[in-house]
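All chains should be modelled from the sequences, with the hints used to inform the complete structure.
Protein chains: 2
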Amino acid sequence: MGRTSTARTRLLAATGELMRSHGYNSLGIAEICAHAEVKKGSFYHFFESKQALTVEVVDAYWQGERSCWVGELSVPAPALDRLRRLLDATAAVQRRMKEDSGTVDGCLLGNLALELSTREPDIQARLKEIFDEQIQLVANVLTDAAAEGAIPTDRASLSTARALVAQLEGMVLFAKLKNDPAVLDDLWPHTLMLLGA
Amino acid sequence: MGRTSTARTRLLAATGELMRSHGYNSLGIAEICAHAEVKKGSFYHFFESKQALTVEVVDAYWQGERSCWVGELSVPAPALDRLRRLLDATAAVQRRMKEDSGTVDGCLLGNLALELSTREPDIQARLKEIFDEQIQLVANVLTDAAAEGAIPTDRASLSTARALVAQLEGMVLFAKLKNDPAVLDDLWPHTLMLLGA
Chain A
1 MGRTSTARTR LLAATGELMR SHGYNSLGIA EICAHAEVKK GSFYHFFESK QALTVEVVDA
61 YWQGERSCWV GELSVPAPAL DRLRRLLDAT AAVQRRMKED SGTVDGCLLG NLALELSTRE
121 PDIQARLKEI FDEQIQLVAN VLTDAAAEGA IPTDRASLST ARALVAQLEG MVLFAKLKND
181 PAVLDDLWPH TLMLLGA
Chain B
1 MGRTSTARTR LLAATGELMR SHGYNSLGIA EICAHAEVKK GSFYHFFESK QALTVEVVDA
61 YWQGERSCWV GELSVPAPAL DRLRRLLDAT AAVQRRMKED SGTVDGCLLG NLALELSTRE
121 PDIQARLKEI FDEQIQLVAN VLTDAAAEGA IPTDRASLST ARALVAQLEG MVLFAKLKND
181 PAVLDDLWPH TLMLLGA
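One line per chain: the protein sequences are A and B, in this order. The first sequence runs 1 to 197 under the UniProt record's numbering. The second sequence runs 1 to 197 under the UniProt record's numbering.
Some hints could be false.
A pair holds if it fits inside one copy or across any two, identical chains being indistinguishable in the list.
With a Cα cut of at most 25 angstroms, we get these calculated DSS-like pairs of lysine-lysine [as the list claims (entries may be wrong)]:
| # | residue 1 | residue 2 |
| --- | --- | --- |
| 1 | K98 | K178 |
| 2 | K39 | K128 |
| 3 | K178 | K50 |
| 4 | K40 | K98 |
| 5 | K39 | K98 |
| 6 | K98 | K128 |
| 7 | K39 | K50 |
I should point out that these hints are in silico values taken from the structure, not numbers from a laboratory. These numbers were taken from a predicted model, which means no experiment stands behind them.
Okay, structure coming up:
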């Protein structure tokens with residue numbers, strides 16, 4: 001196995017790393033290739049376009065994040081404890097990022113959603129699916145919480161789950177803007193309010 | 001007064017219009033000048049850089065939005081009614097945008113906050129000040145609401161006001177991603193939950 005066989009993986013990893021801080025439009029293929037130590041000429045052997053690469057990067061990012069979400073939401077514990085573990089894990093990611101690189105880069109999915117939207121329909125479609133999946137995962141734990149009597153039954157809805165994920169994305173926006181992960185310390189009390197718990 | 005005397009204003013207006021849908025990095029000075037009908041050579045007569053122009057665009061955007069915020073929050077009505085008017089007005093802006101251009105472009109301030117952050121410190125600093133001002137405006141109306149007995153006293157805080165603006169930004173993100181302003185219809189019931197009203 002030569003280096004070429006890992007070039008595709010390296011391109012994906014380099015883009016994932018750079019795109020969270022640089023965004024989509026300011027990140028060029030030359031910079032990605034340099035970071036991945038892949039010759040620029042080889043790029044199009046692996047990916048049709050920066051768009052196509054980005055859809056794969058978004059998928060890989062969510063696969064990683066999804067295992068964390070599913071992991072935290074599956075521990076044998078009351079539903080609200082599981083939800084809290086998920087929010088704590090999300091805040092911990094931003095804290096580690098700040099410790100490692102000095103900046104809170106936020107959520108790649110939220111960053112791309114606001115930077116691109118309708119101008120990159122393939123990426124937008126994938127982001128939409130992923131956020132729908134996040135909302136469904138949260139809705140499932142809300143259903144459990146309602147069954148346990150921890151929240152009112154009418155809070156166990158997709159609408160409340162969406163509000164909760166929106167709250168998370170909005171607070172991550174402020175953490176990124178202030179470059180301060182401590183902004184996320186308030187997430188849990190506000191989540192409890194939203195849930196009427 | 002020739003056209004030159006309005007060139008600066010036209011550059012600001014063109015950038016404000018284009019940046020909400022295009023973002024910062026994908027928008028070039030040539031495109032701004034073409035849209036503003038200003039010769040590219042004149043750009044640097046008016047603005048030192050795209051960064052400097054963007055800080056002014058952000059200011060102008062917030063000045064317009066701020067009059068709307070202060071207007072809605074100052075009508076002679078109970079505090080929660082005033083807050084609701086503010087959220088309704090925000091949703092109405094996104095609905096009009098969809099009707100006019102076919103796309104929900106979201107909030108210029110939130111878009112730039114997630115696209116740029118620490119890589120453009122001057123723009124980031126201005127965005128931070130503006131969001132702090134938004135949060136303070138909301139906190140003031142929460143203080144009134146608590147004084148009227150409409151919400152618990154402990155909800156009249158900067159922390160709750162920040163959660164409310166975060167909720168708004170997160171829901172605007174989903175409205176932009178789905179290109180559907182109806183996502184914002186849920187804002188009010190979730191706001192009431194957050195406020196324990």
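Now for the hints, and whether the structure bears them out:
1. Proximity of K98 and K178 under a CA criterion of 25 angstroms is satisfied intra-copy only: 11 angstroms inside one chain copy versus 30 angstroms between copies.
2. For the homomeric pair K39 and K128, neither the shortest alpha-carbon distance inside one copy (33 angstroms) nor that between copies (40 angstroms) is at most 25 angstroms.
3. In the homo-oligomer, the alpha carbons of K178 and K50 lie at most 25 angstroms apart only across protomers (22 angstroms), although the nearest pairing inside one protomer, at 30 angstroms, exceeds that limit.
4. In the homo-oligomer, the alpha carbons of K40 and K98 never lie at most 25 angstroms apart, since the shortest distance is 31 angstroms inside one protomer and 39 angstroms across protomers.
5. Proximity of K39 and K98 under a CA criterion of 25 angstroms is satisfied in neither setting, with 31 angstroms inside one chain copy and 43 angstroms between copies.
6. Taking the shortest alpha-carbon separations for K98 and K128, only the inter-copy value of 18 angstroms comes in at or below 25 angstroms, while the best intra-copy value is 27 angstroms.
7. Only within a single protomer do K39 and K50 lie at most 25 angstroms apart by alpha-carbon distance; the minimum there is 15 angstroms, versus 32 angstroms between protomers.
Violated hints, listed in ascending order, are 2, 4 and 5; each of the other numbered hints is respected by the structure.
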